[in-house]
Amino acid sequence: MNGAGRKIAVLMVAVVGVVWTIASVATLVYWSGLMLWVAGALAVGVFGWTLRVYLRPTQHPELNPVPVNHPSV
Amino acid sequence: MRAVERTVQRLDEQRKRLRLHWVTVAFFAIVIAFADGFWLTSMQGAVGALQRNEKPLGRWLRDSTLMLPLFFVGVAVALLVARRLCGNSRSRVLKVGVAAVLITVIGSAVGIAEVAASSAYDYRLQTVSLEQKLAFNHSHNDVPPVAAGTPAAKGCTGLCAQKELTLATHLKAIKLASWLLLVSNLVVVLWVLMLRGDRLWRSAPADQHDAVAKSSRPVEAVLA
Chain A
1 MNGAGRKIAV
11 LMVAVVGVVW
21 TIASVATLVY
31 WSGLMLWVAG
41 ALAVGVFGWT
51 LRVYLRPTQH
61 PELNPVPVNH
71 PSV
Chain B
1 MRAVERTVQR
11 LDEQRKRLRL
21 HWVTVAFFAI
31 VIAFADGFWL
41 TSMQGAVGAL
51 QRNEKPLGRW
61 LRDSTLMLPL
71 FFVGVAVALL
81 VARRLCGNSR
91 SRVLKVGVAA
101 VLITVIGSAV
111 GIAEVAASSA
121 YDYRLQTVSL
131 EQKLAFNHSH
141 NDVPPVAAGT
151 PAAKGCTGLC
161 AQKELTLATH
171 LKAIKLASWL
181 LLVSNLVVVL
191 WVLMLRGDRL
201 WRSAPADQHD
211 AVAKSSRPVE
221 AVLA
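Chains as they are written, first to last, in the numbering used here: chain A, 1 to 73; chain B, 1 to 224.
Source of the hints: derived by calculation from the structure; they are not laboratory data.
Misleading hints may appear alongside valid ones.
[To be verified] Between beta-carbon pairs, the in silico distance windows are:
1. B:171 / A:46: 19 to 29 angstroms
2. B:10 / A:22: 51 to 61 angstroms
3. B:53 / A:8: 36 to 46 angstroms
4. B:65 / A:34: 33 to 43 angstroms
5. B:175 / A:44: 46 to 56 angstroms
6. B:160 / A:8: 55 to 65 angstroms
[Stated by the list, open to error] If you want the ones that stay clear, here's a sample from chain A, every Cβ over 10 angstroms from chain B, calculated:
7. 42
8. 45
9. 46
[Said to hold, decoys possible] EDC-like, lysine to aspartate or glutamate: derived pairs with alpha carbons at most 16 angstroms apart:
10. A:7 / B:12
11. A:7 / B:13
12. B:163 / B:198
13. B:95 / B:5
14. A:7 / B:164
Every residue, glycine too, gets a C-beta built ideally from N, C-alpha and C.
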């Protein structure tokens, strides 16, 4: 597939994906009412923040030793 | 046109950066979405509003297809978290186990949200229908305060009691559906893992391997 054709294909898949996702979210919001989703979004936000904080990559001291300044003799 | 090119490029970069087997993600999403859609359709048929009655097969196909992207995102997130937690582990059982648990839990959460939202819509339709029925009959006192042997709250009679019973029925159905979703999702996730457990995520590119090798040299020096 040439470059332009590939780009159009990727873009079409992306657009369909976005529209499809919006449709599914809109259906859930329509079914349940907006207030429930405000509460849900808050809960997801708190959960995401917790994941971000607790899954933050930690530095192992053996792999990245902290440089120590030895006093010159 | 430049903006389009930039968007496509950015999408490609994102896709490569995530390093997931997208066919595996799609496979998981389709299987879980249609399994959960089955329970949703069953629950709607059992306790749903009459106004939403239609052929179950068509409803199952439509609702499951509609919710597919949410399951896709859920599975992708589960695999990314699983890779982050135990991507460097040598134990294959641990990798597959963590991925199975996370996909099951996140997939079930999406499924339960779907079932709960649908139940909320059914409940709204049913309460409106009850109110209309009572307004039409003008006979609030004729409505039995308690139906089907379920005790109503003190002072809650007529329309209030009927609404409460409807709500209790929906909550009971959601509770039951949640367990069914969890168990059935676990079964289908294990089944898909048997087929595609070796293609969950791609290994890190060569330059990252080099970085890891370089960073581990001091450790080797210490151990030698």
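Hints, one by one, checked against the model:
| no. | hint | in the structure |
| --- | --- | --- |
| 1 | B:171 / A:46: 19 to 29 angstroms | holds, 24 angstroms |
| 2 | B:10 / A:22: 51 to 61 angstroms | violated, 19 angstroms |
| 3 | B:53 / A:8: 36 to 46 angstroms | holds, 42 angstroms |
| 4 | B:65 / A:34: 33 to 43 angstroms | violated, 24 angstroms |
| 5 | B:175 / A:44: 46 to 56 angstroms | violated, 22 angstroms |
| 6 | B:160 / A:8: 55 to 65 angstroms | holds, 58 angstroms |
| 7 | 42 | holds, 14 angstroms |
| 8 | 45 | holds, 14 angstroms |
| 9 | 46 | holds, 14 angstroms |
| 10 | A:7 / B:12 | holds, 10 angstroms |
| 11 | A:7 / B:13 | holds, 13 angstroms |
| 12 | B:163 / B:198 | violated, 51 angstroms |
| 13 | B:95 / B:5 | violated, 37 angstroms |
| 14 | A:7 / B:164 | violated, 55 angstroms |
The structure fails hints 2, 4, 5, 12, 13, 14 (numbered hints given earlier, in ascending order).
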